[in-house]
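Based on the provided sequences and hints, a complete structural model is requested.
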Amino acid sequence: MSDSVIGRKGAVRLPSYVFLLFPAVAFILIMYAYPFILSFVKSFELDGAFSTANYKKAVDLYYKDITFTFLVTLFNSTLATLLGVLLSVYFRLNDSFISRTLIKLYRIPIFIPFVVVAQMMNSFLAPHGILNLFLGKVGLVNLDNPLQLFNFAGLSFGFAWKLIPFTVMIIFGGFQMIDNSYIEAARSAGAKLHQIIIKILIPMNSSSILVALVLVYSQIVGTFTLPYMLIGGKIPTTITVDIAHRVNYYRDFGVANALGVFSYIMVIVTAVYYLKMNMRDAKISHPQG
Amino acid sequence: MKSKKYYFKFSMDLLLFVLSLLILFGPMLSLALWSVAEQWYWPNLLPQKVGFSYWAQALGLKMSFAIGAVSIVPAFLRSIAIAVVTVVISMSIAIPAGYALAKFKVPFASLLLLLFLMPNAFPQQPIFVNLLSIFTKWGLAGTVTGVILVHVLVGLVYGIWITSSTFKAIPNHLIEAARSVGADSRTAFLKITLPLAAPGLLASSVFVFITSLDEFTGTFFIGLPFVNTLPLTLYSASGTNMQFASVIGVLLLIPSIIFMSLVQKLLKAEYVGGMG
Amino acid sequence: MSELRLKNIYKSYGKTAVINGLSLDVKDGELVTLLGPSGCGKTTTLRCVTGFLNPEKGDIYIGEKNITEIPPEKRGIGLVFQNYALWPHMTIFENLAFGLRLRKMKDNVIQKKVMEGLSIVKLEDFGDRYPRQLSGGQQQRVALARAIVLEPDILLLDEPLSNLDALLREQMRFEIGQIHKNFKITTIYVTHDQTEAMVISDRIVILNKGIIMQQGSPTEVYSKPENKFVAGFMGTTNFIPGEISETKGSRLLMTTEGGRKLLCSGPEAEKGKKCEAAVRPENILFCPSGETGENIFPALVTRASYTGDMIDYEIEFDGIRLRARGSVKERAEAGDKINIKIDPDHTPVLFE
Chain A
1 MSDSVIGRKG AVRLPSYVFL LFPAVAFILI MYAYPFILSF VKSFELDGAF
51 STANYKKAVD LYYKDITFTF LVTLFNSTLA TLLGVLLSVY FRLNDSFISR
101 TLIKLYRIPI FIPFVVVAQM MNSFLAPHGI LNLFLGKVGL VNLDNPLQLF
151 NFAGLSFGFA WKLIPFTVMI IFGGFQMIDN SYIEAARSAG AKLHQIIIKI
201 LIPMNSSSIL VALVLVYSQI VGTFTLPYML IGGKIPTTIT VDIAHRVNYY
251 RDFGVANALG VFSYIMVIVT AVYYLKMNMR DAKISHPQG
Chain B
1 MKSKKYYFKF SMDLLLFVLS LLILFGPMLS LALWSVAEQW YWPNLLPQKV
51 GFSYWAQALG LKMSFAIGAV SIVPAFLRSI AIAVVTVVIS MSIAIPAGYA
101 LAKFKVPFAS LLLLLFLMPN AFPQQPIFVN LLSIFTKWGL AGTVTGVILV
151 HVLVGLVYGI WITSSTFKAI PNHLIEAARS VGADSRTAFL KITLPLAAPG
201 LLASSVFVFI TSLDEFTGTF FIGLPFVNTL PLTLYSASGT NMQFASVIGV
251 LLLIPSIIFM SLVQKLLKAE YVGGMG
Chain C
1 MSELRLKNIY KSYGKTAVIN GLSLDVKDGE LVTLLGPSGC GKTTTLRCVT
51 GFLNPEKGDI YIGEKNITEI PPEKRGIGLV FQNYALWPHM TIFENLAFGL
101 RLRKMKDNVI QKKVMEGLSI VKLEDFGDRY PRQLSGGQQQ RVALARAIVL
151 EPDILLLDEP LSNLDALLRE QMRFEIGQIH KNFKITTIYV THDQTEAMVI
201 SDRIVILNKG IIMQQGSPTE VYSKPENKFV AGFMGTTNFI PGEISETKGS
251 RLLMTTEGGR KLLCSGPEAE KGKKCEAAVR PENILFCPSG ETGENIFPAL
301 VTRASYTGDM IDYEIEFDGI RLRARGSVKE RAEAGDKINI KIDPDHTPVL
351 FE
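Sequences listed follow chains A, B and C, in order. Its first residue numbered 1, the first sequence is counted upward by one per residue in our numbering. Its first residue numbered 1, the second sequence is counted upward by one per residue in our numbering. Its first residue numbered 1, the third sequence is counted upward by one per residue in our numbering.
Treat the hints with care, since some could be wrong.
DSSO-like cross-link-like pairs, simulated, lysine-lysine; straight-line CA separation at most 30 Å [as the list claims (entries may be wrong)]:
1. K283/A with K191/B
2. K106/C with K184/C
3. K191/B with K27/C
4. K56/A with K137/B
5. K228/C with K248/C
6. K5/B with K192/A
7. K15/C with K283/A
8. K191/B with K248/C
9. K104/A with K9/B
10. K168/B with K137/A
11. K261/C with K191/B
12. K224/C with K27/C
13. K105/B with K228/C
14. K224/C with K276/A
15. K4/B with K192/A
16. K104/A with K265/B
17. K276/A with K5/B
18. K276/A with K168/B
19. K137/B with K57/A
Simulated from the structure, these hints should not be mistaken for lab results.
This is the structure:
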């Protein structure tokens with residue numbers, strides 16, 4: 001189609017896609033690219049001069065939080081992917097009332113925004129919350145000494161609650177594309193259930209498992225609401241919370257941006273993978289002239 | 001006769017089922033109970049007195065002097081208004097861009113793709129931090145305009161990708177067939193492309209609307225303390241008034257679940273998960 | 001009035017020329033087939049005529065009018081696509097009426113024309129249905145009707161039958177032929193299927209790598225291929241290499257690489273020139289043993305496959321393998337020694 005836009009003998013004029021794309025490009029450049037570059041520039045700036053002091057300060061004050069953030073991310077992305085695979089395998093291989101019901105219900109958390117999830121967890125995981133009460137009633141917890149969950153454990157529960165359904169959606173979607181004949185062929189060749197899972201299902205679906213891992217990983221690094229409302233300023237907390245503190249209480253954009261750059265670095269591998277994957281997909285599906 | 005193995009598997013299935021339901025619905029139940037708990041003394045598993053008095057207070061039907069309790073109606077209306085404006089702006093930028101990406105051979109396409117993908121690849125919080133300093137200079141910090149701009153940023157990228165895949169899914173030969181029977185490119189767009197794209201564009205709008213309605217982080221940096229949206233009201237109530245925060249939580253949760261489950265079939269899994 | 005002329009069209013993607021200086025005249029009412037393998041430039045040529053592509057050089061005329069710079073919607077060309085391209089959000093009636101409405105016709109005129117169009121393709125009762133409720137064959141008929149109701153000067157069909165199954169394809173081929181006979185619309189028909197081209201065309205244009213290899217009536221291109229590509233593309237052909245040893249009137253005597261004298265047909269050529277004889281399987285005749293004469297040679301059957309209506313042979317002659325065809329009534333088996341006769345009238349000599 002693009003060829004018919006420009007007349008061969010006509011005067012040179014701007015092709016229409018320039019006008020179509022201009023607002024979007026301009027908006028993203030001003031509202032995204034500019035602040036993105038600024039986050040690097042400002043992280044190396046102190047009182048208008050080049051300095052690495054922000055990084056030094058960020059590491060000195062927040063090295064525990066940086067480690068904590070990394071551990072939370074690593075643990076939860078692994079957990080969500082692992083449980084995502086297990087549940088998806090279960091859903092793929094079992095057709096029963098139980099699996100059908102769970103398949104209908106598991107998606108709900110995906111649609112609930114993080115701020116509401118945070119509030120739910122806030123009340124659910126509280127020392128006097130419904131979880132502790134329930135565990136107390138069944139005798140698993142002494143209510144005089146309830147579980148303290150506004151920490152790594154509670155944060156992980158919150159992430160798991162919101163993100164496992166997401167990994168299941170992606171991974172189970174991949175499993176559904178695998179035709180039954182592959183499983184039946186393996187079975188007729190004498191493979192046992194666990195061999196079918198390990199040798200057939202998971203390798204055939206490795207790309208969507210990797211996609212789930214990548215998406216969950218980068219999402220956890222960037223999540224502010226859940227740690228902010230569950231842990232807040234207690235130590236250790238995540239760097240997203242620290243950034244908010246730095247900005248809100250001290251108006252210290254230098255250290256905030258240094259921490260921001262740390263969060264970029266933390267996702268650099270997954271970000272590059274994400275970009276490559278999507279750009280490849282976009283090229284494959286590009287229409288022909 | 002059924003074997004031991006069968007009973008073992010059945011009880012494991014049942015355990016998985018019960019555990020899944022407890023974990024899935026426990027937190028939601030907690031939220032729902034707190035929104036109607038007028039009296040809930042520890043260590044009772046359920047509230048003693050259930051009623052809608054906090055709902056009435058939140059919705060401005062009843063005056064209240066409880067800590068943290070203000071009518072959320074203004075914040076609710078503000079959130080809806082911001083979301084509507086965000087949808088209008090985002091879609092009027094995203095539809096042309098998505099169309100161009102889908103139907104034209106654009107030079108430097110990879111660079112453009114990179115630009116439009118970046119916001120989803122990296123954490124967005126540092127962006128909001130720097131937008132705050134930029135907006136402060138421009139006099140947009142703490143204004144509704146500033147908040148709308150941030151919401152457009154968050155929604156736009158999804159908007160572009162969803163509309164572009166919608167347009168891509170419309171085969172070129174349908175448009176060429178229209179041209180061949182005498183439609184100029186404008187008529188072909190209006191009569192063929194647009195009606196066929198309508199479901200995808202609607203899904204995209206709904207998605208942007210919900211994203212804006214639920215947006216927290218950007219509004220937190222740009223809007224506070226002057227622009228209070230529903231999620232921010234929820235946040236400020238959560239420290240002081242559990243019931244009140246829960247009412248807002250339920251109010252935010254219902255439209256999200258309803259609309260997202262309606263449009264999710266039309267969207268890529270990744271986008272659906274990218275919200276919140 | 002609606003003859004179509006392409007003058008020296010050139011179109012490239014990047015550095016590779018897809019159409020390389022193509023000129024073609026289609027007479028008023030003629031049905032010309034563009035035939036060639038995928039990537040030969042036939043679809044690109046078609047798209048230049050439609051206006052969805054602009055050639056880099058050359059001009060296209062309908063009658064005396066140069067349409068090269070005219071946008072697609074103003075060319076008066078009807079188009080039928082390989083995948084039908086019916087608009088899924090419109091009924092069959094609305095699909096046919098769309099172009100008529102754009103021409104601001106009155107409702108009763110539109111009604112009448114659409115019903116006429118539907119009756120041409122025998123789908124009068126399908127006006128209220130949506131495309132997805134129709135079979136592939138029915139959809140393609142609608143696509144044809146949609147193009148015809150506008151009474152175009154030129155009709156272009158882009159591999160219209162390739163998405164249909166074999167039986168339907170044969171039937172539709174016949175119907176398209178009938179419609180062309182009745183309306184005499186100047187038509188270009190693009191296909192990669194040589195049987196389809198043979199059945200339907202007034203003239204076949206064989207394309208390869210953006211160049212016309214040969215054009216002519218179906219009989220001409222089949223029985224008198226001018227080059228190895230055409231001989232190979234139109235049905236099965238055996239090539240026997242050798243060199244010219246003598247010209248005898250309209251006949252040529254060539255010496256095969258195995259040293260046998262083979263009589264073929266072709267224009268005068270100088271002695272010793274390298275050449276190849278193009279022998280169709282049906283022109284290799286099995287003769288009774290003991291018979292001798294011109295162009296009769298001994299051969300060995302290496303494979304005989306029964307295909308139902310005939311037997312497909314592979315025979316060894318003069319050190320090369322040839323495909324041949326035989327009646328089911330007189331069967332030879334693999335390993336049989338036989339005599340073959342090659343028909344010189346239907347065996348042209350081709351030069352590189």
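Checked hints:
1. K283/A with K191/B: holds, 28 Å
2. K106/C with K184/C: Roughly 26 Å separates the two Cα atoms, so the pair holds.
3. K191/B with K27/C: violated, 35 Å
4. K56/A with K137/B: holds, 28 Å
5. K228/C with K248/C: holds, 23 Å
6. K5/B with K192/A: Holds, because 15 Å separates the two Cα atoms, which is no more than 30 Å.
7. K15/C with K283/A: holds, 21 Å
8. K191/B with K248/C: violated, 68 Å
9. K104/A with K9/B: Holds: K104/A and K9/B sit about 22 Å apart, inside 30 Å.
10. K168/B with K137/A: Violated, at about 56 Å.
11. K261/C with K191/B: Distance ~69 Å between K261/C and K191/B Cα, so the pair is violated.
12. K224/C with K27/C: holds, 23 Å
13. K105/B with K228/C: Outside the cut-off at roughly 38 Å; violated.
14. K224/C with K276/A: The given pair, whose Cα atoms are some 54 Å apart, is violated under the 30 Å limit.
15. K4/B with K192/A: Holds - the C-alpha atoms of K192/A and K4/B are around 19 Å apart, at most 30 Å.
16. K104/A with K265/B: Roughly 14 Å separates the two Cα atoms, so the pair holds.
17. K276/A with K5/B: violated, 47 Å
18. K276/A with K168/B: Holds, at about 20 Å.
19. K137/B with K57/A: Roughly 26 Å between the alpha carbons, so the hint for K137/B and K57/A holds.
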